[in-house]
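Residue-level listing of the chains:
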Amino acid sequence: MKSLILWAGGIIGGIFLAVIFLMSSGLVSPQMIQLVPGYMPMQVLIELTACVGVFALLSYLLAQNGLAIPKFWQGTLFWVFLLLYLKFRIYPPIPYSVRALYLAVSAVAVFMWVSSNEEDWKQFKQPILNVLDAMTPFHKALRTFYLIAIPALLWGFSYQSFLPSLEEPIELRTVHPAPPATTKVHGRTFVLQTAQNPYRVDLEGKYDQGFTDDLIVEQGMGRLMKPDANPWDPDAKGYLKHVREGGEVFFQNCHFCHGDNLNGRGLHAFAFNPIPANFTDSGTIAQLQETFLFWRVSKGGIGLPRESFPWASTMPRWEEHLTTDEIWKVILFEYWHTGFYPRTWD
Amino acid sequence: MGGQTRKKLMAIMALSAMIGLLMFPILVSIPALAAGGGAPAAGGPPPDVLAEQEGDAVEEGQKVEMGRDVYYKTEGIVSGLPAPKTEDDLRSYPRYNFESRVLLWFANQQHLYYGSFVLAVPIFCMIIEFVGIMSKDKAMSKKYDQLAYDFIKISITAYSITAILGGILIFTFLTLYPAFFGYLSSIFRPVMHIYALLFVAESGTIYIYYYGWDKMKEGLLKWIHLSMSVVLNVIGTTLMMLANSWIGFMMSPAGVDEQGRYLGNIWHVLHTALWNPLNVHRLLGNMAFGGGVVAAYAAYRFLSAKNDEERAHYDWMGYVAMAIGVMFLIPLPFAGYWLMREVYAYRQQMGITLMGGLLAWLFIIQATMIGILFLSSNYYLWQALGRMRGAEKYQRYIKYLVFILVVGFLVFITPHTIVMTPTELKAMGGQQHPVLGAYGVMSAKNGGINVIITTTVLSFIWYMRGNKVPIVPWAKFGDIFMGCFFGLAYLNIIWLAIYGYYIPANVRVGLSVPQVVTTLSCLFFMTALNLTMLKGAKMSGPIEWGKISVRSQYALIMLATAFTWMMGLMGYIRSSVRLFWHVNEIMRDNSPWAYTHTTGFAANMISFNVLFFWFTILFVFWLGTLGVKKVPVEAPAPVPGRVPQPAVGH
Amino acid sequence: MDVTNPNFWYALMGLSVVLIVVIWKKNQALLNNTYVAVTLSLLFAIAYFHLVNHYLMDNQGLDYWYLFRK
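Same order as they appear, the protein sequences are chains R, U and B. Going by the working numbering, 1640 is the number at position 301 of the first sequence; the sequence numbering is gapless. Going by the working numbering, 274 is the number at position 262 of the second sequence; the sequence numbering is gapless. Going by the working numbering, 36 is the number at position 5 of the third sequence; the sequence numbering is gapless.
Hints in this document: simulated from the structure, not taken from any laboratory. Keep in mind it's a predicted model, so treat the numbers as computed, not measured. Just so you know, nobody snuck in bad clues.
Only pairs whose alpha carbons sit at most 30 Å apart, straight line, appear in this in silico DSS-like list of lysine-lysine:
| id | chain 1 | residue 1 | chain 2 | residue 2 |
| --- | --- | --- | --- | --- |
| 1 | R | Lys-1461 | U | Lys-559 |
| 2 | U | Lys-480 | B | Lys-57 |
| 3 | R | Lys-1341 | U | Lys-488 |
| 4 | U | Lys-318 | R | Lys-1464 |
| 5 | U | Lys-550 | B | Lys-56 |
| 6 | R | Lys-1341 | U | Lys-405 |
| 7 | U | Lys-97 | R | Lys-1523 |
Output of the computed footprint for chain R on chain U, the stretches with three or more beta carbons under 8 Å from beta carbons of chain R:
| id | stretch |
| --- | --- |
| 8 | 407 to 416 |
| 9 | 448 to 457 |
| 10 | 508 to 521 |
Note that beta-carbon positions come from the ideal geometry of N, C-alpha and C, so glycine has one too.
Please take these sequences and the hints and turn them into a complete structure.
Laid out in structure tokens, this is it:
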């Protein structure tokens, strides 16, 4: 009974692994098991955990039947699997710098695993030592091969690195630079630490974060409006009315670049490099104070501090086109529409 | 008998002397503090006179100027000079034909390394001496006592080096940054004096403690000796806190008005926004660092050992030092998190500069180093399972721990600002990656580090049960309970990390606390449960000290190096977050070196500091071996129910 | 049954503790039965971690059940 379950698990796991592998190598469409936007971070972790489980199960089953895979190949192949997974499975592609970081750590992890006890470590070292000792003709041939191949490989790398590259240089761009302590817009000075959005108000017109937080759209894929919280209702008052006004400003000025879904994929977005900020990403406005947005919107790409070199932003200084009130309202709209809450410190 | 009584009397007198030394600076400073901190006078009457005249002063009007505290927002009488406005000239910044800042950096860092070491080691001694006294096993007790003595011996040499480096540091300040140091010492005048006096007290105490060791071996005398170490550590910690107040003031000034004029309340100057988080973080950091250094020393001696006996001893010493280091390493990230939170609360832009802006890449390196620390300590524990018979049952499952640990680590080091070529940027379709973007923020990172720490706790519990089989009647229930508790702790941590994405930032930041407590629950409850279960447990074999793999010792050296490197890095981050300020928003740095170094330069500088420290500390260790008298090896005293330890004289 | 009320979790935790003690007194072997042990442990741990989450957020003046109350 127990072995039956194990075998069933092994077969299902094997199929799963095969699918992941085919998707990773591009032989079938990577869309076969879709990565769902918004749930991707957890999905990736769960997939990897499942793969590790399957690997453990399969190697156990093989070992039970006398077909144990040598430790050396277990370790190496697992690392290669991770390499393929990170390179081809995850879409959009992960930049090289992060992949290198991940793979380096994975290599350490593999080392920690294979050397976790003396016996495994001996097993792991054995093939390497065999080649070095070259006691059999095969190993001798292999050693000779490595003696030539490794320097050749190194030569290849060096040659490659000396070739002139047409790539643009890497930019260490700071996406969210530290804001100044204060900013002056239309003759008024705002202290970024303490300033508040004058339109984030309850029905009595008092500043109320909690009240307005309850009225934003629901987080998640649908972005559904709350019942009785429709800014386009002609009777909408206070906060919701300001959201509507902010929306009007947004669709007259901002959506050409930032997109009608606020995801940075507007009409003109792909003319720019980098493309405009994606507000629906949890790493952008959800991490920032409202006053940070106020400063960025009013000063635009030109007003970025030195830290943001090379100031790769084409955003205009909106203070030249919008009033202070309009800027505050459009910020209100952005948070409302994305379902994020601005960062606060109390 | 009479000799014994006299000895006791002497000991009590010595202890009183120490406490007296401890109180001395406070007594001296009382008059100054009572008069409002002995504030630097700005030409006018001294502040204590001013304070007395307060009533009349109001009538006099023009004589007294009121200022508003930049942080506490209280009104106070201006009683100091404004912060000097420096120029890039030889008066404010006299220099060699070299970057003064780098010289200062070097002097500061070395002083700090040694300072941390000599503050941490006496705390170790205190713990180990206490363990030795409490230990019922005579042989063990002796071993612990000898270990504590070895530690303090090393620390004595390091102590004088610390003082020398402190002198060098002050001279560097005075000669290269006279304007800034003048200002700082005008604000901290009474504090600096107390500091100096405490240093005297510290020296007196440490020498009595060290030289009195043999004289105060038995009975009540030993307890008095132990209480001396308590006094010693109180003084040491106070010293550190005073020194912290200076950097706290530089980062988040308080007690002065906008021009930097002192307002007569020394407590405000000390108790700045970041003082206490810094204190806690540094204290824990010092301890972990000290443990690392001592463990590396033991590892070095293990690797170079000539016989099994020595190997056994240094294996044990490395283990004890590592255990103490890790004990303080576990709460360290939480203290760091608290510090960051206070930084954010103090100035948003400071927080962003650190975590998301200019210095973000240094933070990625730092996260990597933290990960390395935990990875190496786990690796050490797993390797240590190899010196126990019966631990094989756990070794099979290590691979899963590796997986959990590394996944936590990968999430923890995912950068928020990613280095990429423009082509990659286009392929990604924007700065934010749907996977990496989510790992790059605090919510996920908190999850990552808590998973790492919980796994470390689990490794430690495995280590504790390595060669034992619980025989309590509820053993199976206990095992299952422990498993479920750990499983749900992992789930809870991950759940809280995910939950953080769906709620507002101000609620989200609060989630870190239940996460931390989940981890700590595992640490405290599960360790306690484990100990209860292991009472009278069946031994499957003794711990064979010295049989540990060589790899484990390299892990210890790695641990220590990572500690040292990380301290250098964190110090640099903390200091450079002030950007072009000497004192944040009060005194501007107008020297030609008021820019932030490139990450590469900073990393090289840190590495240089680390290398220098290790070379000099090797010298200290070598000095420690010079004075060793060969003690005859004692026969191991087998005590029933305890692992026989090879007692090693040295 | 209001899960956002800590008393609910207290009740759950209390229940698990009582069950553990009672079973232990009546029949030691039953407690060491895998299924019984897993059930009781999970019951206890789930209740415990919910209480941890609830009270530690409460201490900071925050609401752990933020998303569920809406």
